[in-house]
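Q: Now for the letters of each chain:
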Amino acid sequence: MDAFHHLISGFAVILTPANLYYCLLGSLVGTLVGVLPGIGPLAALSLLLPVTFNIPATSSMVMLSAIFYGAMYGGSTTSILVNIPGEAASVVTCLDGHQMAKAGRAGAALGIAAFGSFIAGTLSTVGLNVFSPVLVTAALSFGPPEYFALMTLGFVVTMFMVSGSMLKAVLMIALGIVVSTVGMDVVNGVERFTFGSVNLTGGFDLVAVIMGTFGVSEILMNMEQLARGEVVRAKLRGLLPTLAEWRSAALPILRGSGLGFALGILPGAGPVTASFVSYALERKISRHPERFGTGVIEGVAGPEAANNAAVAGAMIPMLSLGLPSNAVTALLLGALIIHGVQPGPLLMTQHPDIFWGVIASLYLGNVLLLVLNLPLIGIWVQFLRIPYRILFPLILLLTVVGTYAANLNIFDVWVMIGFGVLGYLLVKLGYELGPFILALVLGPMFEQALRQSLIMSSRSMLIFVTRPITAAILALCVAAVILFLRAEWARHRRAVAAAGDVTERESP
Amino acid sequence: MGPLPSCYNRGMRAASLISDAAWVLLGLAVCIYAMRLRLWDAAGPGSGFLPFLAGLVIAGTGLGLLAREWAARPAGRPFWSDAAGRTRVALVIVALVAMALLMPRLGFLLAAVLVMTFLLGLTERRHLGSSVALAVASSVFIYWLFALLLQVRLPQGLLGF
Amino acid sequence: MTTIRSLVAALILLLALAGAAAAQGDARARLQALKPKDYPTQPIEFVVVYPAGGGMDVTARLLAKYVEKYIDHRVIVANRTGGAGLIGHTYLATQAKNDGYTVGILVNPFWAEDELVRAKGKWTIKDMTPLGFINYDPLTWVVTTDGALKDRSVKDIVTLAREKPGTVKIAIAPDGAFQFLAEAVEAATGAKLVKVPFQGGAPGITALVGNHVDVATGFLAEYRGHLDAGKVRPVAVAGAERSAFLPQTPTFNEALGVKDLVWTAWRFAAVPKGVPDDRLRYLEAAIDAAMHDRELVEEYRKLGVIAGSQYLKGKETAAEIERFHQAHKEFLTKTGRIGR
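Read top to bottom, the protein sequences are chains A, B and C.
Numbering follows the working numbering, in which position 274 of the first sequence is assigned residue number 274; successive positions increment by one, without gaps.
Whatever position you read off the second sequence (first residue = 1), add 508 for the working numbering.
Whatever position you read off the third sequence (first residue = 1), add 669 for the working numbering.
Bear in mind the hints are in silico, worked out from the structure with no lab data behind them.
Owing to the predicted nature of the structure, the values given are computational and were not obtained by experimental measurement.
C-beta atoms are modelled at their ideal positions from N, C-alpha and C, and glycine is treated no differently.
Covered stretches of chain B (in silico footprint by chain A; criterion: 3 or more residues with CB under 8 angstroms from a CB of chain A, positions within the stretch not fixed): (1) 522–533; (2) 545–552; (3) 600–610; (4) 619–627; (5) 644–656.
Chain A on its own, in the form it takes in the complex:
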């Protein structure tokens, strides 16, 4: 296999002391940045880019890429331990991961997250290695109408992750869409909902909103309940996942890997979307969907695998074509340019050492990160023993600094506080925040794709049915909606029949 021989040469490039060092350094920084709430891989890469000026291009790329996927390993740590996402792609891990920690299974959750990330990272790197050319052509065929269909599918899939009131979830989605429109309209530059504030013309920073709605609100909730015997932490029962947990996690990891990889390749979609879709998928396929949200391993394994696989997916258009899928890969491309390397279709032939070196470093980095993260689990769970009253000020401060660090704009901290209070009130009133965040992430892409498509087709809706991929995905959406409605109708009829024997019912 040609790819295999190239890979060997890639390993020859990176198995030098210098490159090994940079890979390790990047992995460490990535893990750190992933663990710290607020600050994410993009901020870390922007800050550390100058450090790479005096080292060769290959080493720079190895280190910077390691920060990118390292962050996906670290992000789950705070999600599981304290219910605060380390960054956007780990939001979903909070849902079941923290519940597992509360039940004393923090070690198992962290372990499955680490192993799941490793397996996903390795599998997706194989995919990158072997299937790049085919996949890149497929990715290019996604234009605005295809993206519209994909985003619609994303919204449809959200239905499957709702465990409480559907009405409230729909409201949260609509709210997320409204909040996502704050700022400049990307299609024509018109300012929406900015009310004269310069800071709002950029819209709300996603990190600030997530840190607020999940981080600050979580701390506020815990503050309220502090007197009632501490935040419930059962005694730690074993550090590693049990065999049963392994068996349950295996298929979700594989599915998450495939899903994350596919979504990562498409410019625009990425680790965040992948993690949400994986969670919804696992919940839909599961035989006990009602247990999601109480601490099921599938809810951790799938999303964590998905966000790691999405990183390798995102590297495909970057390495093969020099096209960025998201802000992080755009930055990686910038780093290449600064080092005098021209990214593009010729990168593979003009700079095979960089191309194959980076791919080889992905394999290596995943191994390094697994080896790094496993012993850390023992240390992390010790954190749970610190009394919450001492821990929470530190977490709060970290969240504030992490949010500030992204753009050095104090306005982001205000946004965080505002959404923190909002998130807290919403949770108290029984609303789910997952659909809100998903709508916030998908909303802009959905709207942009819709309007771009209609501009392309001169306002003809036919564009959505004449293009094969678009039509196929939209048909999938329709099928999913029908399936969902049928299941809901059956559930409703069962509930009504059961309620016939009960005199009074609480409204949901």
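Following the hints, complete the assembly by docking chains B and C onto the known chain A.
A: The following block gives chains B and C in isolation, referenced to the frame of chain A:
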């Protein structure tokens, strides 16, 4: 401080009704604002199109929730578990606001030490000295982590650090 | 014979290197002479209002690297992004301290555009004092080499768009130079293009390569890799003269017989107004020294931006910016975007 007086027991229902009504108002406000941006133009949906639809959904679901909450007869549930909890929540919010206000003016380290001391003293009456010591240690740690290790430019205050 | 040749070659090389070193040493000496007391004592910050990794960011980082070399002092680059540059511009014009530690790396027409259309009186271009000109990058139109327009010239494309309006799709970034260029072409030729908006040049190139649009607007640096691979072909350059990197590509003015289709990213450095004179002159000299460094010019050339052809110092840059500001204001008034 013990549990709140019994009139707060129906707090949750009142809060739900108020919030549902608020959604309806918010939805309508969004719709009106959206209509001032164009809903449709030569290129297809305008800037106001999606916000308008979303505003409609917010108002509609808000109305539905309002109707459902009104018709249901839930057992009384307080909105806040107890007054102590409510106070703690309020104080944490105050601390966050203080941090946002003080950080640009006093610089990160000083603001962090002050706010953290306040937060540490919030939940239990600790000896002031140990709170300050812990606050200083944590703040310096965070400073080292972000400003020195990750090269983030944290605000510097009047004292130059 | 060959020994003598190689000796001569070595000698010439040595002289060139010595010359460069002398020039650098010269510049350094001049800078030392201009250095104010107690300055700089902390890192100097170059502020870029666009995300890291983009064209502006790369320009700023390269400049920072070389300025650092000449002043022997740390220069860091900070990205203050958001609102397509408005947040960063507002920060620089209203909040940034004028103590000489903050330098904005700015680009026209986006700088003038923001002031005229979106600043809404909160700041003006006079709030920033220019230090010097850096480089410029003309906008271009590109097509794929295997699509429907693969053999057409820009004139053919425009004719096609005029005869069959609504069939030629072009990728633009809305409300800025990209869109203005397309509109100006339409106004000058009567063509009707379908302008599909994207968030910048790179997504437009992606769409072009995927054959979702027929033409894309962008800067050379954004598609250089594809050009080298033979996948895309620029059809016209919106510059006053042909680009040295694309000698075969005509300018819009040439191809369409007009005079004002010039849209370039014209990059310069500026500081908030009110910086003390000695620090201002020091910074100006530092940037001038860096811009005269042949290695930096070479690095810019590798990017595909045009640098090293003119060296404008502070006052000349300010004059040019003022001239452009007037012209842009007229353009915006003429097209009904301001003065309504």
